[in-house]
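Q: Below are the chains, spelled out letter by letter.
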Amino acid sequence: MKISGAEILIECLKKEGVEVMFGYPGGVVIPIFHHIFNAPFKFILARHEQGAVHAADGYARASGKVGVALTTSGPGATNAVTGIATAYMDSVPLVVITGQVSTAMIGNDAFQEADTTGITRPVTKHNFLVQNVEELARIVKEAFFIASTGRPGPVVIDIPVDVSKAETKFVYPEEVKLRSYKPVYKGHPVQIEKACRLIETSKRPVIYAGGGVIASNAAAELAEFVKKTGIPITTTLMGLGAYPETDPLALKMLGMHGTFYANQAVHDSDLLIAVGARFDDRVTGNVSEFIPEAKVIHIDIDPASVSKSVQVDIPIVGDCKAVLHEMTKIVKPPQIQEWVDAILKMKKENPLTYGSDGTRIKPQYVVERIYELTKGDAVITTEVGQNQMWAAQFYQYTQPRSFISSGGLGTMGFGFPAAIGAQLARPDKRVIDIAGDGSIQMNIQELIVAVQHRLPIIIAILNNGFLGMVRQWQQLFFDKRYSHSCISFSPDFVKLAEAYGAVGIRVEKREEVDEAIRRALSETEKPVILDFHVDREENVYPIIPAGKSVKDMITRELV
Amino acid sequence: MRHVISVKVENKFGVLARVAGLFSARGYNIDSLTVSQTEQEDISVMTIVVRGDDRIIEQVKKQLNKLIDIIKVTDHNEFSAVQRELALVKVNAQPAKRTEVYQIAEIFRAEIVDISVKTMTLEVTGEPGRIDSFIELLRPYAIKEMIRTGRVSMGKE
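Sequence lines, in order, name chains A and B.
For the first sequence, the residue numbers in this note's numbering are 231 to 789.
For the second sequence, the residue numbers in this note's numbering are 3 to 159.
No lab work stands behind these hints, which were simulated from the structure alone.
C-beta atoms are modelled at their ideal positions from N, C-alpha and C, and glycine is treated no differently.
Keep in mind that the hints are not guaranteed to be accurate.
[To be verified] Partial selection, computed: residues in chain B whose CB lies under 10 angstroms from chain A: (1) V11; (2) G16; (3) R20; (4) L24; (5) A27; (6) E60; (7) Q61; (8) K64; (9) Q65; (10) N67; (11) L69; (12) D71; (13) I72; (14) K74.
Pulled out of the complex, with its shape left as it was, chain A reads as follows (with noise of 0.2 angstroms):
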């Protein structure tokens, strides 16, 4: 029986195990959505299609699934670009389907027209162009396949409305047979041995975790590896939750914005084992000044972040999860005991703080006391800047898929879109975003899908009147001169979450902050937007200045 493109697509996903696909209809993807009517999976009608990418992005980054989208052609598919880029930057497996105007017109400027595979091709793991409907079936198997294997990454799949229309036998193949792709999964015997014997003999280790410890389930192995050689972590932003933050082994977050003593760790080291970490320049800061005396162990499963920005002595290249496994069967335990407690020492000296005059509201305390209230077992996605850095800093992660946010591209409006996907991929959970009141106007729009769909997601807005990370740049590098960096002329937040049918809280006084938070939990159907106004210049910090060093850190306030 020959059935339609539409209806093989929506076969396909059926076959992948989708659950739930966000998007936006229009009309070269009429035929698709003809048949998404009646398809047993759920599918939700983002308002913009950046947001509905964004969704599926945190869908996926919240379950450790592929998450899906779809658009029509041209405005459709270029306004799914940033939330595509931004899933490319954190290694997220998405298959995003766009429309594509007819087979005969492409390449004629037709009505809604876009080269998309040409758009897209920078920020995908691949992407393709249908050209015939006896193709589509194997291609959106491959899709799948690509997106969610090796380093994971999204696809696109451009689909011609005529190849829609078009009609053929549905085969769905059994197996993927591309003769050019075969990620490495199990890391070099030889080299995994090297690395366990320079391990044996270090004097200062530090292990350094990123997201690909996420991305590859490999949280209890990694526990499992620092449980047995008692060396201390620190973890990237993309890497929160990969270890527990309550262990006194863990350094929290490295970097820009990390904890001093993980900084000072670091650089100190003579062995840096990097796992699933691309040595962001976010972490090094000045290449040249990073580690000035470690030697370098990177389990990597992409080779190409292999000895790309830092020289690594011993690269291993696999599944951080498979390879974490065979070192912990094999390594023996460094003697490091006097590094250790110089470390924890170092720890207890240098905790994060901020300063406080009882009465105004500091953004780290809301972090501190979403973190207290919600005894940390929420999922916490975040928008982009100051708010991202303190919800990173200030709240414990103990669990891996807990903390979601754009870390490679730095996409402001990521957070609100993404808890929509969390939330949706863990119903069991809280899903709290913190945010900005810059960051949240961008992509405010889908608080109506969350009211639609009775999402009781959290939007802690940590209004400061400011676009506080540029400002506190602009402050710090810039001679004060805050240049359109002041967005205090905003909406009244309460009465556009009332607008929306969702519940909106004013937050004004310290002493108010726990109720806020505690009604906010309270509700079970509708989304709460809670507008903390913070005290207005309060910097994040440590700080190290983009492209400086350890020795550069700023510590608090210059007076």
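Use these hints to put chain B onto chain A, whose structure you have.
A: Just chain B, lined up with the frame of chain A:
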């Protein structure tokens, strides 16, 4: 240092753009690039000449290997591969100078593929260095137009 990288790719549309985009996105300059068929209909080969230090070349190769449609990446240095290029050179060659040009062509086994009242057009193939020498020798006659194919490279057994 200049490297000649030979890349076997799936013979599909869009692959060339993917490879070219990889170079342009990272600011690596391609000296030359050729694409052509191989003995297998569904595989094409690209010969890419790129300059950079060891770190850049290592990245180029790793990034190429990451692309889904790339089957094999080989770095051909000067000694492990047969390398050839073709050039067409149009020189000013008034009748009085033609014998000299003809002699140069003879030495390089170049063919004269066109001749007009004022010009001669020569075709030469060979190792890229040999073509450089040929062009240098023709320079005094004023080169009106010159085009090179970029090199093709095949590993030695």
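Q: All the hints need checking, so say for each whether the structure fits it.
A: Cross-check of the supplied hints:
1. Checking B/V11 against chain A by beta carbon gives a least distance of about 8 angstroms; that is within 10 angstroms, so the hint holds.
2. The closest approach between the C-beta of B/G16 and any C-beta of chain A is roughly 6 angstroms, which is under the 10 angstroms cut-off, so the hint is satisfied.
3. This hint holds: B/R20 has a C-beta 6 angstroms from the nearest C-beta of chain A, less than the 10 angstroms allowed.
4. Because the beta carbon of B/L24 sits about 8 angstroms from the nearest beta carbon in chain A, less than 10 angstroms, this interface hint is met.
5. This hint holds: B/A27 has a C-beta 5 angstroms from the nearest C-beta of chain A, less than the 10 angstroms allowed.
6. The criterion of a C-beta within 10 angstroms of any C-beta in chain A is met by B/E60, whose closest approach is roughly 7 angstroms, and the hint holds.
7. With a least beta-carbon distance of about 6 angstroms to chain A, the hint placing B/Q61 at the interface is held under the 10 angstroms criterion.
8. For B/K64, the interface hint holds, the least distance from its beta-carbon to any beta-carbon of chain A being 4 angstroms, beneath 10 angstroms.
9. For B/Q65, the interface hint holds, since its Cβ comes within 10 angstroms of a Cβ in chain A; the closest pair sits about 5 angstroms apart.
10. With 10 angstroms as the threshold, the beta carbon of B/N67 comes within range of chain A, its nearest partner Cβ sitting at about 7 angstroms, so the hint holds.
11. Look at B/L69: its Cβ gets to within about 8 angstroms of chain A, closer than 10 angstroms, so that hint holds up.
12. At about 6 angstroms, the closest approach between the beta carbon of B/D71 and any beta carbon in chain A falls short of 10 angstroms, and the interface hint on this residue holds.
13. Because the smallest distance between the Cβ of B/I72 and any Cβ of chain A comes to about 6 angstroms, under 10 angstroms, the interface hint for this residue holds.
14. The interface hint given for B/K74 is met, as the beta carbon of that residue sits about 8 angstroms from the closest beta carbon of chain A, less than 10 angstroms.
Comparing the model with each earlier hint shows no violations; every hint is respected.
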